[in-house]
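Could you slot chains B and C onto chain A? The hints should help.
In the order they appear, the protein sequences are chains A, B and C.
Take the first sequence: its letter number 291 is residue 293 in this note's numbering, and every next letter is one higher.
Take the second sequence: its letter number 102 is residue 104 in this note's numbering, and every next letter is one higher.
Take the third sequence: its letter number 427 is residue 439 in this note's numbering, and every next letter is one higher.
Simulated from the structure, these hints should not be mistaken for laboratory data.
Since this is a predicted model, take the numbers as computed values, not measurements.
Beta carbons: idealized from backbone N, C-alpha and C, even for Gly.
What follows is a list of derived Cβ distance ranges for each label pair:
no., chain 1, residue 1, chain 2, residue 2, range
1, A, 169, C, 166, 55 to 65 Å
2, C, 428, B, 35, 41 to 51 Å
3, A, 69, B, 56, 43 to 53 Å
Here is what each chain is made of, one letter per residue.
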Amino acid sequence: MNAHTRRLLLGIAADLVRSLAVAAGIVVFSFFVLRMIPGDVVDIRGIEGSLTYSQQTAMRAELGLDKPWITQFGEWLTMIASGDLGTSARFAKPIADLLAAVIPTTLTLGLSALLIGTLLGVLLPTLAMLWPRRLLVALVEATTIWSITVPTFSIGILCVLVLAVWLGLIPAIGNLVVPILILALDTAGTLAKILYEDMKDIERTEYVRAARAKGLSRARIVLRHILPNALTAAVALIGLLLAGAFTGAITMEVVFGLPGLGTLTLQAIKGRDYAVVQAVIIWLGFAVIIANLVTDVIRKIIDPRLRSA
Amino acid sequence: MTLATATGRSRRIALPGLGPLTAAAFAIVAVALLVALAAPLLATHDPYAFTADLNQPPGEGHLLGTDDQGQDVYSRLLYGTGLSLAFGAGAALLALAIGALAALLALAAGRPAEWALFGFVDLIRALPGILFALACVVAFEPGIATVVIALGISFSPHFALITRATYLHQMAQPYTAAARVLGAGRLRIALVHVLPNIAGALITQFAIVLPRCIVSESVLSFLGLGVSPETPTWGRMIASATPYLEEAPHAVLAPILALSLVTFALAIVGNAVRRRSELPLSRDLP
Amino acid sequence: MTQRPDTQRPDTRRAGTPAPASGPSPREAAAAPLLAVRDLRVTIRARTGTVEAVAGVSFDILPGRTLALVGESGSGKSMTAMALIGLVPVGTTVETAGSARFGGRELLTLSEAERRALRGRAIATILQDPAAALDPLMSAGEQIAEALPRGLGRREAAGRVAALLAEVGLDGVPGIARRHPHELSGGQQQRVAIAMALAGNPSLLIADEPTTALDVTVQAQILDLLARLQAARGMAILLITHDLGVVGAYAQDVVVMRAGAMVEAGPAARVLAAPREAHTRTLLAARPALRATAAPSAAAPEILAVSDLAVRYRGAGLLGRPVRALDGIDFALEAGGALGVVGESGSGKSTLAKAIVGLARIERGSVRLGGAVLADPMRLGRAARARLQYIFQDSYGALNPRLTVEDAIGEPFAISGRPRAGRRAAVLALLDEVGLARTHLGRLPRELSGGQRQRVCIARALALSPEVLICDEIVSALDVTVQAQVLGLLRRLRAERGLALVFISHDLAVVAELCTRVMVMKDGKAVESGAAADVFEAPRAAYTRDLIAAARALDAPAPHRDLSTPSPAAGEGGGVEWVTAAGF
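Bound conformation, chain A alone (with noise of 0.2 Å):
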C-alpha cells in the first residue's frame, strides 16, 4: 500500500513539473507574441489623436517601451513574479483592479454553464444506458449534434433577437440566464458525446458480460460498471471543457453585453493594451493548466491502474 502511495505521489510530481514547465512556456510566449503587433498602445492612442509626438515619447519612456525588449521581458518578468499585474495603459488602471470587475461576470458564465453542462452531460447518456428507447437515445444524439454544429454565438443572437427583441422577454443587455443556458447546452452536448460513445464501446467488454453472468440488473450494470469506467476516461476532459467555457463566454459576453473578461480581452486587443492582454492570456492560461492538472490527479486516484504509470 505504501509503495502505492510512493508512486502516486511521483506521478503526480511529474505532472506537477510538466504543468508548470507548460505555464513558463505560457508566460514566455504571451510576452513574445505580444511584442510581434506592429503598433504599440501609444501608436494607437496617437493615432485616435489623443497624445502630441512628444506626449508619445514621453509615454514610451515612461511605460519603458523604449527599452529593447530583452530588458522589458525582464522587468516584466520580475514584476510579474512579484504578483503585481503591471497597469493598464489604456484605462490607466492597474490590471488588477479591472480583472477584479470583470472576473465574477465571466466567473458566473463559464463555471455555472460548466456545471449544468457536466451534469447535463453526465445524465443523459446515462439515463440513455438505462433505458436504451429511442426517446432518450435521440435525446443524446440531438445535444451532441447540436454542440457540434450549432455556433453558441449565431444561437445566441437568435435568442437576442428573439427573447429581447421579439417577445420583449429578457433585457437585450446585461441577461446571464440565457447565456448559461446556450453554454451549458454546448458542454453538455461535447460531454455526452464522448461519454455515450466510451459507455457503448465499454458496454461490449468482457467484464460487462461478465456481470451480465452474474445476473445483475441493468442498473447495477450501468452505474457500477459501466459509468465509472467511462467517467475515468472522460474526467482527462474536464480541462478541455473549461477552456471551451471561457472562450464561448468571450462570445457569449459580446453578444449578450455582458461586462466581462470577454469584453475586456477585446477591447484590450483592439486598444493595443499589451499589459492586460497578457494577463488574461496568463491567467486563463494557468486556469486550464490547473484544471488539466486536477484531473490528471483525479484521474490517478480513481483509476488504481494509474497509479502505478
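Positioned in the frame of chain A, the structure of chains B and C alone reads:
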C-alpha cells in the same frame, strides 16, 4: 476463443447506409459547393456595391433585403458561401499539414524532437481555443492570410495529437517490428507502413475540424478581428448587421441560418465518414 | 469451508451426485438431466444477412457431471452455451430454435428478466480471459460480493466473500479481497472469477475456455480446482474447450462440434478411445504427443550461439526500477538444428528471441552468427539481417493491413532495391514453397485465415534466404489441425533448406515433436538445457518436471482421473502460483 470467431468471421461490408439525415446533409453540402462556384451567375447585385436603400426588408428588388450599408444580402450571402468554405477549408488543410507532418517527422526523428514539438502543442492547447487565434490575429496584420494561418496553427494540435496516438499504436503493432527485422529504416517505416494506416484517422479528424474552422472564422470576424469589413464572409455579415438587429433582423438571420445549416451538414457528413472508417476519435479533443 | 447456506433454490439441484468414472451415455442415464438440449439452432442476424452459427445440437448434462463441448474456432461451441443464457455479445441479434430444458424449465422462451434471474444463480459462467472479465476499477472482494444473493447484511456478505475466497484457494493471499484485478496474477484472477461464479450457488457452471489464457501449470491447477469444487458442490459443468486433451482428464461426456454442427457425442472415454467420426480422429491425431523425436547432429557446424546474454527493460514510470528480463543465457545451435525454448509467460523466452534479432536492447553478452560475433543486433547490416529472420506469434499484426500478399512477401526485395519486374516470379516461388497458391497474391491479410497468414509471414522471412529462423510462439494462436500443418511446413523447410530453427513455445509437446535441443526458461534464466530426448525423458530440474507433469495431466486422452488426488503440478490449494506472483 472469443464469440466473434465462434460466430464465423462475418465480414463487415461497408455499406453507405445513408439515413435520411445523412442524405440531406450530403445534399446541403453539394448545394453549398454549387452555390460557391456559381455565385456570380446566381447573384442579382454586385455584393460590394453600396446603395442608398439601407436596411430594406426582403422583397422586390432585393430578395433578402439590404444591410446597413445598403448592400444586397442575397448576393453577399452567395459570395460569402465560397469565401467562408474556402477560409475554413484552407485553415483545416493548413492545420492538417502542419500538425500531421510535424508530428510524423518529430516522431520519426526521436525522443528530443518529439518532446520539443509536443511541449509546444501542450502550450497551444493550454490557451483557451480562440484566445490563441486572437493573439495571432493581433500579432500580425489582420487579413485573410492571418486568419487562415492563425486558425491553422490553433487547430494543428488536433492533428498532431491524433498522429502521435495512431503512430504509437501502429508502432506497437508487430508489423512495424517485422519491417525492422526485414531491414527497413525509420523513414521507410513511417512513410510506407505507418502513414497509409493512419491516413483514415487523419481524414476523419479533418472532417471534424473543417466545420469548426468555418465557425471559428466567423467568430473571429464577429469579434471584429477577422477579415476586413467589406469581405462578405458570413461571420463578417453577422458582425456588421448585429447592431441593427431591431431594424434589419433579416440581415443577421440570413447568414446565421446559412452558417448553421452548412456546419450542421458538414458535421453530419464528417460523422458518416468516421463511421465508415470505423476509427476511434481522438479521445482528448472533443 | 464449503458451506451451502442457500435454501430457497428451486428443485433444480441434485446435490452431490457422485460422478461415475465412466458412465453410460446421458440418454440412457437413470438420473433426470439437469439441462436437456434438443436440436438447438442459433441464427445470427447481421446487417449483411443471417448466419447459422449453431445447426442442430442436442445433449444432456446430468447433475454433478461435466460435459465438454469441443471444437475449433468457428465451430459454434461458445455460441451454443451463450445463446442458452442470453449472454451473446451486445449488438448481435440471435434467433434460437429447438429446445433447452433446464430443470424442467424451457430456457429458450424465457424473457430477458427471467434469464437474468437464472444467470449467476442457478447457472453461472466463467469467461475465457480472466484479465478482461474483471472490472478494473472494482476490488476482487466487491466483485464477488456483487454476485451474492441480495439482502445480505454487510458483515454476512463479507463472511461469505471470505469463505468463497477460501474455497478457491485464495485465503492465503494477504489482503486479497481489497486487491484490484491488476494486482493479481492470471491464475488468481481466474480464481476470483470462479469465486464470483460460485457466489450464487449454481447447479450448472458454464466454463468457456477457462484456462486457454493461462500457463500450463496454472491451467492444471484451475481445472483441478474446478473438479474439486464440482465434487464438493455437486454442480454440473459445461466445459467449452478447443483442447481434446483436457476432455480426457476432466469431462465424462463430450460433444464434438464443427462449423455449427454436432460431429460426434458420447462418453468421453469412448469418444477418445474409439472415435467414430473422421473429424474427431483428425483432431486427436493433430495433437502431438509429448515425446522427443529427433537428436541433435554432432557433425554440423555451429550457426547461432549466444553467451551470457542479459536484457533489462526500463521500469514503468519516471523513476521505475529497471526489470531484468533475461539473465546470463547461453546456448549454441548447430546448422540445420532446432532449438526449442520453453517456459511460461514472463520467463523471458520472447525477450531472448527479440534480443537476438535486435528488437530488444542487449545489456550484456554476445550473439554469434556463423562463428562471427554481431556487434549490436539493433544495428545489423542488411547482409546479417538476411541470415537471421524472425516470425511473430500474431500473424495478423505482423502483416501491414494495407499491403497485399504480393507486396508483403516482396517487401524484403523492395527494401534491398530489387527492381519490381523480377519480384513476382520470386514471390510466386515462395508462395509455392509455403503451400499457398497464385490466387492469394492480391489478397489482404484480413482476407486470409490464421494459418494462411502465418504461411505468408514465413514466406516473407524466407525471401531473404535466411540460415536461422526464429519462431516466436508462431502456432499457439492456431487451431490444432492448422497447427499440425504449419509444423509440417517447418519440418519440410528444415529438411529442404537446411534451415536452423529457434522455436519459442509454451507447448512442450510441439517442441518435443520438432526440436533437437531444448532450453527450459524461468524468470529470465535457463533452468535446464540439453538434447530434447534427455530433457523430456530424464529432466533434471524440478521446474522442468513440474512443466512436464502439468502438460501430461492436461493431455490425457485416457479415462477420467480420480478427482481426489490433485495433479502433481497443482501443489496445495494453488499455493504454488501466488507465491511467485505476489510481488506487490
